[in-house]
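Peer 1: As you go down the protein sequences, you meet chains A and B in turn. Heads up: the first sequence is residues 535 to 1082, going by this note's numbering. Heads up: the second sequence is residues 535 to 1082, going by this note's numbering.
One or more of the hints may lead you astray.
One copy or two, it doesn't matter: identical chains are merged, so the pair holds either way.
[Claimed, not checked] Derived DSS-like pairs (lysine-lysine); straight-line CA-CA distance at most 27 Å:
no., residue 1, residue 2
1, Lys869, Lys1004
2, Lys1080, Lys586
3, Lys682, Lys717
4, Lys632, Lys682
5, Lys653, Lys893
Note that these hints are calculated values from the structure, not bench results.
2 protein chains.
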Amino acid sequence: MPLDVHDKIMMMAKRRGFIYPSFEIYGGVAGFYDYGPLGSQLKNNIENIWRKYYLLKDNCVEINTPTVTLYEVLSASGHVEEFTDPTVDCKKCKTSYKVEDIIDKKLTVEQALKEDKVKCPTCGSKLVDPHDVNLMFSTSIGIGDSRKAFLRPETAQGIFTNFHLLYRHAREKLPFGVVQIGKGYRNEVSPRQGTIRLREFNMAEAEVFFDPEDKRHPGFDSVKDKELYLFDNKKETKISLEKAVKNKVINNQALAYYMYITQEFLLSIGVDPKKFRFRKHASDELAHYATECWDAELFSERFGWIECVGIADRSAYDLGAHIESSGTDMYALRKYDEPKIVDAKKVVPKMDRLGPLFKDKAGKIKELLEKTEVKDAKKIFVVLDGKNVEIPADCYEIKQVKEKLFGEKFVPHVIEPSYGIDRILYFVLEHNYVETKKKDEEYTLLKLNPLVAPIKVGVFPLIGDEKLLKVAKEIDDSLRGVGITTYYDDGGTIGRRYARMDEIGTPFCVTVDHDSLKDKKVTVRNRDTTEQERIKIENLVGYFEKVF
Amino acid sequence: MPLDVHDKIMMMAKRRGFIYPSFEIYGGVAGFYDYGPLGSQLKNNIENIWRKYYLLKDNCVEINTPTVTLYEVLSASGHVEEFTDPTVDCKKCKTSYKVEDIIDKKLTVEQALKEDKVKCPTCGSKLVDPHDVNLMFSTSIGIGDSRKAFLRPETAQGIFTNFHLLYRHAREKLPFGVVQIGKGYRNEVSPRQGTIRLREFNMAEAEVFFDPEDKRHPGFDSVKDKELYLFDNKKETKISLEKAVKNKVINNQALAYYMYITQEFLLSIGVDPKKFRFRKHASDELAHYATECWDAELFSERFGWIECVGIADRSAYDLGAHIESSGTDMYALRKYDEPKIVDAKKVVPKMDRLGPLFKDKAGKIKELLEKTEVKDAKKIFVVLDGKNVEIPADCYEIKQVKEKLFGEKFVPHVIEPSYGIDRILYFVLEHNYVETKKKDEEYTLLKLNPLVAPIKVGVFPLIGDEKLLKVAKEIDDSLRGVGITTYYDDGGTIGRRYARMDEIGTPFCVTVDHDSLKDKKVTVRNRDTTEQERIKIENLVGYFEKVF
C-alpha cells in the first residue's frame, strides 16, 4: 500500500520532532501523542495567536482550573449521564468496540447483533452486550474517606462553576467572555485515527455569557459584511454575516460573530480556505447541552471533513444545572430603572436547634439557610461538603417579608467556541505539506505561515571558519535576544541545510560568508520564493521583527 | 485572631480574581485552586519569562507529553514503590494523616503510637496502622481490557522516555536540555497550606543531559564570578560560582550554573532577595532518584522557608531504569578517534520457530531480538506491549561476530532544575504586597515588576464625556493591538480607579482629560513613584514598549 499524506506527515513529524507516539518504549497506547521540540513550539504559537483573537481583540479574560474535577460538578453538568458512547463487547477476546465504528449506520445495534451481521474484528467471535460506556477517566481524591472525581471532558465546567465570581470580575455587565486553554480527556473505547481522536487532548474554549434577550455582539457591526464559508449538507456557499443572521441561517449575532472569528483565526494560521467550511449540526447530532451548533470542518486527504472547532449555543443549560445542584446564586441582573418592593419569604435559622444537631457545621448551615430561596418547597435542603442535606423543619422559621428588588434575575445564556488544538495543529501540517522535486530528487517542504513556524530563522556559517562561526553565533544570540526562535546549523552543505529548514517550515535562512566579514552583510533566503537578499547585519533584527 | 499577610493576600486574591478555591459551590476540596483572570495572566507571564531563560538563552527545547501516564513508566522510574508518605489512620472517624504533620520528629511513628503520645486531631481516638501511602492519582485507560495508569507526579518522565528521540534531535551532542511546562499531581493525604501544598499543580522542569565525565556547562564561564545566596544550615552566605565549585560546596559546574539561572530568574520576576536562599538537601532528604539537590527556598511570613525550586543531580538513575525496563537503546556515544573492531555476540532469530509461537507478533519480536544485547544472560526477554516476555532458547541462535564500534556507549547524567510555578506565583504576591495609609485610610498595593504584572496599563477617561471615552477606547485598542494588556475603566473617581489598579499591581495608568483633545497628550501615572507625566498619544505605544 503506498503511503498517503497522513503517513508521510506522521513519519516526518516523528523524525523531525513534531509528534512522537507516547510511551512507545513500553509498547505505546492508542490515543496518546507527545509533542516534540518543534511540535511544542508550533502548539505554543497557535495558542498564542488564539489568545490574541480572544484576549486582546475580543476582551475575554483567561482562567485556569484543575483537570481533576469533582464528581458533583460533572454530575450536575450531565456528563456522568450523557458523556457516553454505545459500545459492544467481544465475548471471547474481551475487546470493546464503539458501535459506530463497526456497525452500519442503517442498522440498529440490536438488529445487527440479532441478525449476526457483525463479528468481532479482532477474533471473529460473537459480539454481545450493547451498552453505553461513560468516556470519562475516573479517579479519586484523598486517602481513606476519598472523593470521587473525573478528568475533565472539557475545560468549560471550570468556567461555569466560577460564574458568580467572574460576573463580579466583569462588574456585572453582559456580555463578557472567559476562556480556558488546557487539557481535556476522553477515554475513547478504541481510538484509531492518529492525532485526530485522542484520549488526552489540548483545547481552547471560550464561554461568552449573554443576556438571553440580547444575543447581539458589540463587534458584529464591524464584520457584518464579511463572508462565512457554509456547507448546507449539499453544497458550499458563501454568505455575509448580516444576511446569515437576518435569514435565520444562523440564529443570532453572537454565533455568527464567533464563527467569523474562528474562520479568520484558522485562515490566519495557514488553514487552506479551499479545505475549510462550517457545517450545522442536525438536531440528533447535538450534544446534550446545546441548542444550536456549527462545526468548523477541515478537510484531510485520509479522514475527509473533520470537526476542529464547535461553536455552540449552550443556552442556560449549564448555569441552570449548577444553580439547581449547588444552590449557588449564579444569576445575572437586568436592572430596573427604579427598585421595586415585593413580598417574599425568608428563612430564619434557629441556632438553638441547629447547634446540637449539626455541631461544628451549624454555623455554615445557618449561612446557607439564610441564602436559600423559598418558593413553594415543603422541604429545605442545603449542599454541605458536596452532599445534599435535608434540614428538619423545626430548625428554621419562614417569615413573610418585604424585599427591595433592583432588577430581574435571569440565568445568562452561553455561546461557546471550542477549539481542538491538536486537530488544528495536524491540519496546519497537512494543508501546508508540499511535495516537489529538486534535481530529480523528492523534496518536501512545509509552507508554514511565518507566524506559526516553530523556527523562524535558520542561521548558518557558510563554512567551518572560526571567524564565520563567531559572526553567525552573534547573529543567533541577537535574534534569540528579541524572542525570535532560531536554529543554528554548521553541518553539511548549504543546500542540505536549506533542505532541513524547508522540511520543518522555517521561513528564512541567514548565511554568513567571507564577504560578511568585509561588508557586514549576510544572505537572507526566503523559503517560498527561494530568493536571496543581502541585508546589513545591524538591520537584521528590525528586518525580521517586521515579519513576525 | 488578627489576619496575617497570607490571609490578606488570599482574600484580595479571591476578590480581585487572582486565585479562587476550586469547586467552592460544591463545598470545595483541599489542595485545588483556580487561577482567575489576573492569576492566569500572572502565571502566563511568569512561565513566558521562564521560557526566555531556558529556551532562548540556554537553548533548551520544549516538549509536551500526556499527564495520564502508563503504569510501566512510573514503575520503572521507581514512583510506584517510592512516591509515598508514611500515614496513620484514625480507627474511629477513618481520617488519614501524614505522619510528619502530627507526630513529633524526635519520635518514630511506632513509638508514638505505642506510647499513646498522639491522638486523632479530629475526634481524639486512637491512631493505628502506620503504613506508606502512594501519592499518585490512579486511573485506567480504555474499556474492558484496560491498562493501569497514573496522573504524572512530575513532567520529567515524559522527557526521559523520549530520550533516544531527543538525543537524535540534538544531533547526538551533549549537553542538551529539554523542558516541559505543565501539570503535575500529588494526591496529598491531608493538604492544609493553601496554594503551597496542592494536589494538582503547575510545574516547569528542565532535564539537561550531560556526559557523566564532563559536567561543565558552556555558559559557566560567563557567570562564574556572580554570587549565589547559600544557607549552610547555620547562616546565609554569599559565594561565587567559581569558588563554590572549586571548594566542592557545589559538586559540579552544571548544578552551579542552573542555580545561578534560578536565582536570576526569581529575582527578575520580583522575589525579594532578602527572602531568598539555596539550601542543600541532607542525605536523608534526597528523593529516591537524586545524588545531590539544592532547593531555592523563599520566605513566607506564615509558612517560613519553603522550597520553590529543586535543582537536582539525578545522575543516570532514570535513563538507566528505563533502559533496563524497556530494553530500549537510550545510550549516548563518546566517539573514538578511530573505530575499533571487537568480538561480540549477536542474536539471530529463527522465524520458523517464532512464527507458529507468536503469530502476528513474530515480526515485532524478530525486530526486538535483533536489537537485544547478549552479555552473559542465559535467558532472553523482550518487552512486548508493556510486558516482559521470555523468548524460548530454540527461537534464536547466538553467533560470535566481529563488530565495528564507533565509540563508547554510556548512560548520560541528568541535571534537573524543577520549578513549582504555583508557589513561585504565591511568593511573588507575598513579597510585593505593601500595606500603607492614604489620607488615614488603609491602602494596599502590589509592587509587581512590570514584566509580570497581569495588567500593564489602566486606561481611563477622566469623566464620562463621549469625546473622552472615544479617545480612551482608541488608546486602549492601540495598546492591545501591540500585545499590551490593559484595563479600561470609566467608573468612579480617578483616585478610586488608581487604587483599584494599585491593588492588583498595574504599573501604569493613562488618563484622558479635556486637554487631551487639544494637545493630544495624556497623563501617564507611575504606580511606584505616583509621578505623573504628559505623553503624546502617538508616542504612547513606543513609550510602553520600551518598558515591557
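Peer 1: Each hint needs a verdict: does it hold in this structure or not?
Peer 2: Each hint, compared with the structure:
no.	hint	result
1	Lys869 - Lys1004	between (68 Å within a copy, 25 Å between copies)
2	Lys1080 - Lys586	both (17 Å within a copy, 20 Å between copies)
3	Lys682 - Lys717	both (20 Å within a copy, 20 Å between copies)
4	Lys632 - Lys682	both (26 Å within a copy, 21 Å between copies)
5	Lys653 - Lys893	between (60 Å within a copy, 21 Å between copies)
Figure legend: structure checked against the earlier numbered hints; every hint is met.
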